[in-house]
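Listed below are the residues making up each chain.
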Amino acid sequence: MSSSTDSTLTPSPTAQRISALHDAAYRIRRHALDMGEVQGQGYIGQALGVADILAVAYKDVLNYRPEEPDWAERDRFLLSIGHYAIALYAALAEAGILDVEELSTYGSDDSRLPMSGMASYTPGMEISGGSLGHGLGVAAGMALGLRHQGSRARVYNLLSDGELDEGSTWEAALACAHHGLDNVTALVDVNALQADGPTTGVLRTEPVTDKWEAFGWHAVRVDGNDIGALLTSFDAVRAHRGSPSVLVCDTRIGRGVPLLETREKAHFMRVEEHEWQLARDQLAENHRDRKESHA
Amino acid sequence: MNAPVTSNTNAPVTSTNAPRKLTTSAMIASIAEEGQRTARAPFGHALARIAEERPEIVGLSADLAKYTDMHIFREAHPGRFFQMGMAEQSMLGAAAGLAEVGLVPFASTYSVFATRRAYDFLCLDIAEPGLNVNVVGALPGLTTGYGPSHQATEDLAILRGMPGLTIVDPADSVDIEQAVPALAAAPGPTYLRLLRGAVPTVLDEYDYRFELGRAAELRTGRDVLFISTGLMTTRALTAAKELAADHIDAAVLHVPTIKPLDSETILRETAKGRLVVTLENHTVIGGLAESVASCLAYAGAGVRIVPIGLPDAFLAAGALPTLHDRYGLSVSAIKSRVQQEL
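Top to bottom, those sequences are chains W and Z.
Numbering of the first sequence is given in the working numbering, commencing with residue 2 and proceeding in unit increments.
Numbering of the second sequence is given in the working numbering, commencing with residue 1437 and proceeding in unit increments.
Fair warning: there could be bad hints in the mix.
Every beta carbon over 12 Å from chain Z, so not counted as near; a handful from chain W, in silico [unchecked claim]:
#1 E69
#2 R77
#3 R148
#4 T233
#5 R264
Now the in silico label distances, taken between C-beta atoms and shown as ranges [stated by the list, open to error]:
#6 Z:E1469 - W:D110: 31 to 37 Å
#7 Z:A1622 - W:D110: 29 to 35 Å
#8 W:A73 - Z:D1761: 53 to 59 Å
#9 W:V101 - Z:G1649: 54 to 60 Å
Away from chain W, derived, C-beta distances all over 10 Å, residues of chain Z [to be verified]:
#10 E1536
#11 T1637
#12 D1698
#13 G1754
Derived by calculation from the structure, the hints in this document are not laboratory data.
Computed from a predicted model, the values in this text were never measured in an experiment.
A virtual CB, placed ideally from N, CA and C, is assigned to each residue, including glycine.
My request is simple: use the sequences and hints to build the entire structure.
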């Protein structure tokens, strides 16, 4: 059968891929809102911001077996930023590693899904993050070890722009570059917000891309809420050889829910009881619009 | 009075006496007593040897391979050594990552850097997940004349509170050679207080085998019980021999594993009515003395202990023998303390 040139009737493979990822990102955001509602608060702003990155990672990039989270040949995804666990749990449900039903236990006593991610609690959670500036060092060791063992598995580390304040992040950045670890990809979520306020006022980290390049990394800056751009960038860094890669992802806090996008930016966002349903409605509407604009 | 009052006990002492031969401080000073047999780099050789049998063993160092005897391993197994640069946090994080994928890392640096500087990484990346990472700290306690920047006088105090961490303070080259395979075989994280360079060889004269978590009676005695760890065990043995000339009969219980502590043996041996003296190359705060004291107190054993260890202070720079004498770790200082207490 000849390929169709009429993309309005038969979407191209790339368009199909992007459309499926939009749906996955929508579900991750929806799960995160449901989990946030259970606690009445939380890192929902960050979760909404990073959902597109997680959707692309877990639905398109990472090699893993949902039924066998400890499979030795899996790609590792290290969440340095333990407080983003709410988003990662949603992504692990989307990946089939967690059951969607379990998400409602988020942050509750005896749950496998604590507020800050812990490896010993949750299948698919590779490290216990939370004390920032740890993930990239562990990633360096895993990548050294996997290469030493002849494994093709790759190591991804999601860190935040705030985490660039930590000196240990840069120690590890030196180590990855020195050892030529092209099986490492750092994903920096630049949401420009830290616990004490905007990153520009807390401790200036820009120009972020230049810094990574100066440390010997292959650095690509991308709109972290543009799924098409993320796909292209992930494909490009996977093909890169000889040095570690970093995707510097600009994301927007609260992305996909206008009432939270426009709210005064807060590291730990307060959402009123009546607002959760409103947020879900806005998310669904936003998702429809987004899909239509990409159709 | 206008002159500032200073209580700095570390300041150099100026003498008005006739010029004397100067002794100098050194980064790496030998702890061997005169005439003592020594072995070269026992840790490096032991690690290289066990690595022949265990291909999963890897080594890391933070720009101190040569000074922690790790260079012996690096030369024997170059493909299994990872240089992490002068970056201890990154080294321990990477050691955790290597262990996460099934390797068994030994990571070496100076004790001060492993404990003070990289604590969070040892704690959260290695101890919390319970990984088999073996952290090797050189220059423990007072084994360098370089002053507080390099003297890890409180490393045991820092680390004893870390859940799941096994802590070993070996006495000599024999202890180190036997401890290394035991640490590699132990499933969880460990910290080894490393004696490096020309390390005294003493315990081969005794009926001794290193057993992780077990104290060992090296010498019996009716009057005094020395409970010692690390290099102070060799000093305790010499002091016990010399005290015999004064008709003082001293036993030596060597405690190479500080955590978990062999409480059973300590309780049994301290219940025999002897003067109990603890000896450690560490501040008297938070190390062996307090480990033994709490062990006795928790068991309701009202036994007084005499702690020989370093003072709760930042210590001076200088030549090691001078400093050991000044701070009470020398054999003569041990003997006079015992005579004073009996």
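Looking at Z:T1637 again, its CB stays over 10 Å from all of chain W? Since the minimum Cβ distance to chain W is about 34 Å, Z:T1637 lies beyond 10 Å and the statement holds.
Taking the Cβ atom of Z:E1469 and the Cβ atom of W:D110, is their distance within the range 31 to 37 Å? Distance hint for Z:E1469, W:D110 is violated at roughly 58 Å.
Holds or violated: is the Cβ of W:T233 farther than 12 Å from all Cβ atoms of chain Z? holds (29 Å)
Far enough from chain Z: is every CB of that chain over 12 Å from the CB of W:R148? Its Cβ does come within 12 Å of chain Z, the nearest being 10 Å, so this is violated.
If I take the minimum Cβ distance from W:R77 to any residue of chain Z, is it greater than 12 Å? Not fine: 8 Å to the nearest Cβ puts W:R77 too close to chain Z.
Cβ-Cβ distance between Z:A1622 and W:D110: within 29 to 35 Å? holds (33 Å)
Would you say Z:G1754 is clear of chain W, with no C-beta pair closer than or equal to 10 Å? It holds; Z:G1754 is separated from chain W by about 32 Å at its closest Cβ, greater than 10 Å.
Between W:V101 and Z:G1649, does the C-beta distance stay in 54 to 60 Å? This hint is violated: roughly 46 Å between Cβ atoms.
Taking the closest pair, is the beta carbon of Z:E1536 still more than 10 Å from chain W? Given that some Cβ of chain W is not farther than 10 Å from that of Z:E1536, nearest at about 6 Å, it is violated.
Just checking, W:E69 versus chain Z, shortest CB gap more than 12 Å? holds (16 Å)
Over 12 Å from every CB of chain Z: does W:R264 meet that, or does the non-interface label fail? Holds: least Cβ distance 32 Å, greater than 12 Å.
Least C-beta distance from Z:D1698 to chain W larger than 10 Å: Its Cβ never comes within 10 Å of chain W, the nearest being 28 Å, so this holds.
Consistency with the previously given hints fails for numbers 2, 3, 6, 9 and 10, ordered from lowest to highest.
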